[in-house]
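S.K.: Sequence:
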Amino acid sequence: MTNEFNIKTEDNSWCPGCGNFMILKGMEEVLSENGYQPKDVLFVSGIGQAAKMPHYINGNGYNTLHGRALPSAMGAHLANSDLLTIVNTGDGDNYSEGGNHFLHAIRRNMNIVHLIHDNQVYGLTKGQGSPTTPKGRATSVYAGGVRIDEINPIESAIAIGATFVARTFSNDLEHFKQTMKAAIEHDGYAIVDILQPCPSFNKVNTFSWYKERVYKIEETHNPYDKMAAYKLAQQFGDEGVPIGIIYKDDSKESYLKRLPHIKKPLIRYETDYSVLDEVFESFI
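Whatever position you read off the sequence shown (first residue = 1), add 133 for this note's numbering.
Note that these hints are calculated values from the structure, not bench results. One thing to keep in mind: the hints can contain errors.
[As the list claims (entries may be wrong)] Computed cross-link-like contacts, PhoX-like style, restricted to lysine-lysine with a CA-CA straight-line distance of at most 20 Å:
no.	residue 1	residue 2
1	259	310
2	141	185
3	385	359
Owing to the predicted nature of the structure, the values given are computational and were not obtained by experimental measurement.
Model the full assembly from the supplied sequences, consistent with the hints where possible.
M.R.: Rendered as structure tokens:
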């Protein structure tokens, strides 16, 4: 099978050992193996190392402002829902600058796959503490340690009402692919928090640290059990780090199904500019 998403280039600004390389590889393989062509997919991102993903994969794509990937992606999805819309953001880009949009994306439940590259630092700006950096963790910027509590994105997403919440590990390629495929198949907003090492600025949560702690929940966990999902969401550390689909709710309609007047993608409607002319003339 030909991988038409791969851009053969050595021009890449990620550090050696960055988890983004495996995420990129996994994305290409999932899309190729499931019959997608580059013309069928829209890649949207904000600002940051994760947000460079549209630069390195063949398809429709663009960067938005820092933290603003989700509202832009939602607008694009409304205009052309024929495209598979995939958002790539970092933990800082999404949970800090984009936190308000994250909340409302969950409420709207649009058919968008959201891959959140969670390395617990701002990698582009050289190691600032991000919303998921543990309190007390020293970084290259916070020598005395981060002084505020970290957020729990999985727990927060479940509490707000997300319909698909998953966590995977960038360096377990097959698990990542399995999780992304399930996210694509979900009818609604699919959140995938991807644990990934940052070899330059996170010296604690390394590849080996995760390798010793992550465990798969597919065979033992019922993702429709909300209370069990909350308990799993609170596990992160030496007691283990669960990966898999943590919570799923199929009872909520996706956004476009709540808009019966939109029978087809907006780009397929005829545009009558004479109506606009009448509106403009009314102001003269």
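S.K.: Compare the structure with the hints numbered earlier in the document and write down the numbers of the violated ones, lowest to highest.
M.R.: 1
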